[in-house]
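Asker: Produce the complete structure using the sequences and hints provided.
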Amino acid sequence: MGRTFHSSYAEEMALFQSDWARAWMAIFLALLLGVPALLGPYLLSVLNLAGVAVIGAIGLNLLIGTTGQISLGHVAFIACGGYTTAILAERFGLPFWLLIPASGCVAALIGLVVGVPSLRLEGFYLAMATLAAAFIIEYVYAHWESLTAGTTGMKVARPTLAGAPLESSLAFFYFQLPWVIGATLFAKNLTRTKVGRAWVAIRDRDISAETLGIDLTHYKLVAFIVSAFYGGVAGSLYVYYLKTVSPEHFTFALMIEYIAMLIVGGVGSILGSIFGAVFITLLPEALRLVTDLLRDDYPVLSFRFLYVKQGIYGLIIILFLLFKPDGCFGWWQDVKRYWQTWPYKHS
Amino acid sequence: MGEQTLLEAEDLHLHFGGVSALSGVGFTLAQGELHAMIGPNGAGKTSVLNVISGIYRPQAGRLRFAGRNLLDLKPYQVAQAGIARSFQNIELFQHMSVLDNLLVGRHRWIKAGVLACGLFLGRGRRQEIAHRRRAEEIIDFLEIEHIRHARVGNLPYGLQKRVELGRALALEPKLLLLDEPVAGMNVEETEDIARFILDIKEELGITILLVEHDMRLVMDISDRVTVLDFGKKIAAGTPQEVARNQAVIEAYLGEPHEAA
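Protein sequence lines, in the order shown, are assigned to chains A and B. Using my numbering, read the first sequence as starting at 1 and increasing by one per residue. Using my numbering, read the second sequence as starting at 1 and increasing by one per residue.
I should point out that these hints are in silico values taken from the structure, not numbers from a laboratory. One thing to keep in mind: the hints can contain errors.
To be verified - Reference listing, derived: stretches of chain A covered by chain B, where coverage requires no fewer than 3 residues with Cβ under 8 Å from a Cβ of chain B:
(1) 34 to 43
(2) 122 to 131
(3) 185 to 191
(4) 216 to 229
As the list claims (entries may be wrong) - Not close to chain A: a few residues of chain B, all C-beta gaps over 12 Å, as computed:
(5) A60
(6) H95
(7) R108
(8) A112
(9) P256
Idealized CB from N, CA, C, for every residue including glycine.
Answerer: Have a look at this one:
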C-alpha cells in the first residue's frame, strides 16, 4: 500500500483518508449490521452492554485522556442519565428521542457543577473531589425514595418504535447502533478540531495554552459537560436495555471497570475507548467460560466468580500499565505501521 | 521620535514575599521596533515578560498596550489582545504534531464551538480548512515543511525552538515576546533564527521584545536596548550607546577595583 497524496486541505482533513480506509469501514459496518442477526440472545445482550460501555468510555476518555482532568465521578453521571430516563418515562411517558438527549442534558448540568473544582484542583486532588461528588449524588438517588424509589429501584419500559416496543435484544441492538456510531463520530470530530486541540493543549502545558488565548475555565468546564453528556446518554440506553434501574447498577466497581477500559483501550484515543469498552465487557463472559470448564476440578472458582472477576480486572490494569501503557490502541498502531511499510521498509 | 507607542510600561514593581524581582521598571516599545532587553542572570528580564503576559501580576505600576490597560487581563485575554510569546524552556505541546501546535496558535481566529467542531459540517469544517491553509503559510515562512506532520517531542532542540516561534506567529500577534530564542544553539542555528526574527519584523511588521543573552545577536539586530540589573533599569538606548555605558559594563564585568 503506497502513501496517500492529497491535492487539497479538504481532502487531507477527510475522516477516512483513502479508498482502502473507506472500503475497510464499509466492510466493518456490513459485519456490524449482519453478524448480530446470527448471534444468540446471550451474546447479543453482551454486545448491547458493550455498546453502552463504548459511549460511556468515550465520554470518560475525552475528560481524562484528552483534557487530562482525572475524574472518578463518571458513574454518577451515568446514573443521573439513567434515573432521568426512568423518572420522566414513568411520570410523563415521554418518547426515547426526547429522553435520551434529555438524560444527556441533565447529566451535563450536573457535570458542570462537579467540574467546578477542576478550576482549582489537579490530579489526585481532583480525583478525590469528583469521587466525593459522586458519593453525594449516589446518596441522593439511593435515599430520595419519592422520586427514585430508593433501593427498590424502578421499572423502565423498552423504547417503542413505530408503535412496537423493542423487546428483543436484536431489535435493541439495531436501535442502539446509530447512537453509538453518532457518539463516536462526534467525539472523533471534536478531538481533531479546535475544541479537541484546546483540550490536549490544556493537558500537555496549561500555561502555554493560556498564553495562546485558550480560556482554561471555559474549556475545562466544557470537557466536564461533554463528558457528562456522554455518560447521561450511556445511562439512558443502559436502563432502557436493562428495563430497570436501581442504585446497585451504578457501583464504585463499575467506575473501576471504566478506568480499566481506558487503560486497556488506550488513554486519549477514541478508537482505544471502543477497544477497551468491548474488551472489558467481554472479559467476564470469557472468564465465565473458563471457570465453567474448570468447574469439576475447582468448584470454588465458579462459586466465587465475582471475586475472581474483580481480581482479574485489577491484574489486567496492572499488566497493561506495566507492559503496554498505550493499551490496545498501541497494538493497533503497531499493526497499521507494519502494513503501511510492508513489504518494503522505509522511512 | 514621531513613532507610535505600542506598549508602555511605567514604574513596575513586582516582589515575591521579601524578594524583589522588579523595582520601578519602565520602558516603551514603539510600533514596529525590535527592542532587546538584556541584563545579567536574575536581572528580572523574564519577570517583565511574565508581567506582560499576565502570568505575574505586579504589585504596582502601569502597563498599557495599544491604549488598553493590560494589568486587568488574564493571560488568555492578553493573547487575544494580540500579544504572543515564546518561552525560555520550550513549552510546546509534546504529543501533538507540528501542524497541530501551529493550529493551537490559530485558536483565537477559529470561530467554532462544540457543536460546529463535533459535527464538522458547513461553517465548522470551512473554518478548519481555512486555518489549515494559514498554518501552512507559517510553515513556509519558517521553512519547516519537512516536519509538518512530525510529533514535536521527537524533534531536535533547534527545530523545537523554531516550531515554538511558529506557534506564536500563528496567533498573528501585534507584539511578539521572545524569551531567549537562541539559547543553547550553535552559530549556524543562531544565524537562522536571527534571519527569521528580522523577517518577522520587516515582512510581517510585528513589534518584537527580545530577551537574550547572546550579545552579538542583540547588538546586530536590535533597534533599541533596555538593560536591567537587580530588577532596576540601568540603561537604555541604541546598541552602540548601551555598549559604551559605564553602568552596563560594571553590571556585566563588576566594578573596577581601586588601583592598589
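Asker: Each hint: holds or not?
Answerer: A quick look at each hint next to the structure:
{"no.": "1", "hint": "34 to 43", "verdict": "violated (count 0)"}
{"no.": "2", "hint": "122 to 131", "verdict": "violated (count 0)"}
{"no.": "3", "hint": "185 to 191", "verdict": "holds (count 4)"}
{"no.": "4", "hint": "216 to 229", "verdict": "holds (count 3)"}
{"no.": "5", "hint": "A60", "verdict": "23 Å, holds"}
{"no.": "6", "hint": "H95", "verdict": "6 Å, violated"}
{"no.": "7", "hint": "R108", "verdict": "4 Å, violated"}
{"no.": "8", "hint": "A112", "verdict": "5 Å, violated"}
{"no.": "9", "hint": "P256", "verdict": "42 Å, holds"}
Checked against the numbered hints above, the structure violates hints 1, 2, 6, 7, 8; every other hint is satisfied.
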